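Enquirer: Protein sequences appear in the order of chains A and B. For the first sequence, this note's numbering assigns the number 1 to the initial residue and increments by one for each residue that follows. For the second sequence, this note's numbering assigns the number 1 to the initial residue and increments by one for each residue that follows.
Source of the hints: derived by calculation from the structure; they are not laboratory data. Quantities reported herein were computed from a predicted structural model and do not represent experimental measurements. C-beta atoms are modelled at their ideal positions from N, C-alpha and C, and glycine is treated no differently. All the pointers check out, no bait thrown in.
Label-pair distances were calculated between CB atoms; the ranges are:
| # | chain 1 | residue 1 | chain 2 | residue 2 | range |
| --- | --- | --- | --- | --- | --- |
| 1 | A | GLU82 | B | THR46 | 54 to 60 Å |
| 2 | A | ALA177 | B | GLY349 | 22 to 28 Å |
| 3 | A | GLY152 | B | ARG375 | 43 to 49 Å |
| 4 | A | GLU82 | B | PRO265 | 46 to 52 Å |
| 5 | B | ASN291 | A | ASP175 | 41 to 47 Å |
| 6 | B | THR431 | A | GLY152 | 55 to 61 Å |
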Amino acid sequence: MIVRRFFITVFAATLLVGACGGDPPPPPPPPQADQDSLQRYNDSVAAAEAERRAEAERLAAERAAEAERQRAVRAARAALEEMVFFDYDMSDIRDDAEATLRAKVDILRASPQVQVRIEGHADERGSTEYNMALGNRRAEAIRQFLVGFGLGENRFEIVSFGEGRPLQQGSTESDWARNRRGQFVITAGADAINPAN
Amino acid sequence: MRIRIIGTWSWWTVLVGALTTSTSTEPLAAQDELPGVSLGLVYANTYLPALAVQPFVGAFGGDVIASQVEAIVGRDLRNSDQFEVIDSLPAAMVGSHVDYPLWDRLGAVWLVAGEVEASGDGYMLTVELHDVVYGEVRDRGRFKLPSQDDDDFRMSVHRTSDEIVRWATGAPGMAASRIAFTMVGNDGNKEVYVIDSDGEDLRQVTDYNSLTESPTWSPDGSRLAIASYKTGVPRIYEVDRFGNELSALPAVRGPGDYVTPTYHPDGKTLAFSVFGSNSQSGIFTYDLAQNCCLSFLSGGPWYDVSPTYSPDGRWLAFNTLRFGDAVPQVMMMPAEGGSAETLSPYEYGGGGFYAAPDWSPNGDLVAFHGRIDRRGRYHILVINLDDGGRVLRQLTSEGNNEAPSWAPDGRHLVFAGERSWGFGLMVVDVTTGRLRSLLGGRRVDLPDWSPVIPPA
Numbered sequence: 001m002i003v004r005r006f007f008i009t010v011f012a013a014t015l016l017v018g019a020c021g022g023d024p025p026p027p028p029p030p031p032q033a034d035q036d037s038l039q040r041y042n043d044s045v046a047a048a049e050a051e052r053r054a055e056a057e058r059l060a061a062e063r064a065a066e067a068e069r070q071r072a073v074r075a076a077r078a079a080l081e082e083m084v085f086f087d088y089d090m091s092d093i094r095d096d097a098e099a100t101l102r103a104k105v106d107i108l109r110a111s112p113q114v115q116v117r118i119e120g121h122a123d124e125r126g127s128t129e130y131n132m133a134l135g136n137r138r139a140e141a142i143r144q145f146l147v148g149f150g151l152g153e154n155r156f157e158i159v160s161f162g163e164g165r166p167l168q169q170g171s172t173e174s175d176w177a178r179n180r181r182g183q184f185v186i187t188a189g190a191d192a193i194n195p196a197n
Numbered sequence: 001m002r003i004r005i006i007g008t009w010s011w012w013t014v015l016v017g018a019l020t021t022s023t024s025t026e027p028l029a030a031q032d033e034l035p036g037v038s039l040g041l042v043y044a045n046t047y048l049p050a051l052a053v054q055p056f057v058g059a060f061g062g063d064v065i066a067s068q069v070e071a072i073v074g075r076d077l078r079n080s081d082q083f084e085v086i087d088s089l090p091a092a093m094v095g096s097h098v099d100y101p102l103w104d105r106l107g108a109v110w111l112v113a114g115e116v117e118a119s120g121d122g123y124m125l126t127v128e129l130h131d132v133v134y135g136e137v138r139d140r141g142r143f144k145l146p147s148q149d150d151d152d153f154r155m156s157v158h159r160t161s162d163e164i165v166r167w168a169t170g171a172p173g174m175a176a177s178r179i180a181f182t183m184v185g186n187d188g189n190k191e192v193y194v195i196d197s198d199g200e201d202l203r204q205v206t207d208y209n210s211l212t213e214s215p216t217w218s219p220d221g222s223r224l225a226i227a228s229y230k231t232g233v234p235r236i237y238e239v240d241r242f243g244n245e246l247s248a249l250p251a252v253r254g255p256g257d258y259v260t261p262t263y264h265p266d267g268k269t270l271a272f273s274v275f276g277s278n279s280q281s282g283i284f285t286y287d288l289a290q291n292c293c294l295s296f297l298s299g300g301p302w303y304d305v306s307p308t309y310s311p312d313g314r315w316l317a318f319n320t321l322r323f324g325d326a327v328p329q330v331m332m333m334p335a336e337g338g339s340a341e342t343l344s345p346y347e348y349g350g351g352g353f354y355a356a357p358d359w360s361p362n363g364d365l366v367a368f369h370g371r372i373d374r375r376g377r378y379h380i381l382v383i384n385l386d387d388g389g390r391v392l393r394q395l396t397s398e399g400n401n402e403a404p405s406w407a408p409d410g411r412h413l414v415f416a417g418e419r420s421w422g423f424g425l426m427v428v429d430v431t432t433g434r435l436r437s438l439l440g441g442r443r444v445d446l447p448d449w450s451p452v453i454p455p456a
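Isolated chain A (complex conformation):
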């Protein structure tokens, strides 16, 4: 028993030293024993250890891959939900919004079960009822952009909130700019989001 513990200790110390990559301390003098059985024993211990390490590495790699996949799914979800903004009294898709929407197209292609509600919003200026129409025009412009890339029209519903649900209270130009927006709510397939290929 004592001998065995000794050998394990030696083995572990060797491993440790090897792992550290420093100068190996002088090996202790090998104890006098039955060389064959000792060798067999050492081999079996090393094999078991290697197997255990391989398994641990495999699990770690799996965990890392899963974490990476989840990070990618979270990022994909965030990309799907990322708002786009509009110019004053306009429903044209701006250049910066186009990039945001393109990212959504790729994710939606990879995630055929996902359905999205597109919400159109307006700033407080103008006419409340006109702003309801404008909000719908914005949501519709987004939908047409996405459908233009071959995505099924039935994957999107649209609704306008007009000026009724501002993102920011206040009446400055920067408040208004944040409130003129399209918002995205995932209504189906939230657990089936795949990152873009």
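Guided by the hints, dock chain B onto chain A, whose structure is given.
Expert: For chain B alone, coordinates are given in the frame of chain A:
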């Protein structure tokens, strides 16, 4: 009602100016904001006869409410903007019997005297309108009032006021009416409220904890059509003024936003807008009473919104985005659909933002709001269809002003105003330009003035 084909805008004269000049006949200096159109505002230098209110007399148990009734009537007559009102005079000064020479010396042309008696559960109010100049009674009437805690008490007094206005001017009043509107709560939700024409009796109607928009009165004043987001998407419902839901418009056009309802004068048909999903956007009508007969009036790839009927039910004015998102215009078309013509001063390729039309109960005027100055402010505008619609009058000159709605007298407009002190409901008299605040300090919007409310 007579409607002429509207000419091109190069013929139009746009009259613009400040209310502070309402007693002046001099137009303001032209601001020349619209191409090819000259600007300036004229209010007729209106003569308002002086009307005095003799302190109302209480007899046989009527004395407890006599001064309250007198105060309501006096304020209603002032709000009518038909008179210079002389009231709240001490009884000791004017006595209890009518003294024509005294009132003549005080400058009164009309004198209103009233007497209240207890009668059954309520009161009997006797009112006389005296012609001070001729020294005779012009008209006399007896009005039954319910007890003070009755829901209809104030409205009954308002009906008396409207009758006095009719006696003196031959024109209808608007005291016996209410205004429905939306108000934003601290939670960010919007609910419908109503308030009497004199700014009293504010009451919450809907309680959906949601967005509620575009309240509009039925022609008999018994119910309201609204657009509510209570299910997550906007749909149209009818409610009574206590918020009880009476009916829901089915999604007859499939998915989409169902918004901006308005009643046909027949009270049975609703016109409204539907935007979207998988359908063309535009204005539709539906017979709510028979739950049938959807018809599509206008729209297509463009968006038409905010319909309003002419009082004879033959025409619809509405707001359209067909010339571009940023240049909404007001148009009119036959009530059954057909070709539309532009009422607002739009020129192809030009600018201009005009929205939220409302057709006057007399049929001759259409009010809307527009952005017509360089600072991007919104003002209340009125056009007259009888003169060819070529005169655009601006009724406000301060702050932002939106969503006008006509009173049943056809001469007052209520609108949502924004001033440096905040938001509020305001009333402007189109004839004199007089402005009063109806409800201040609240985030209010989309007022709709009821017809005259008949007795309960």
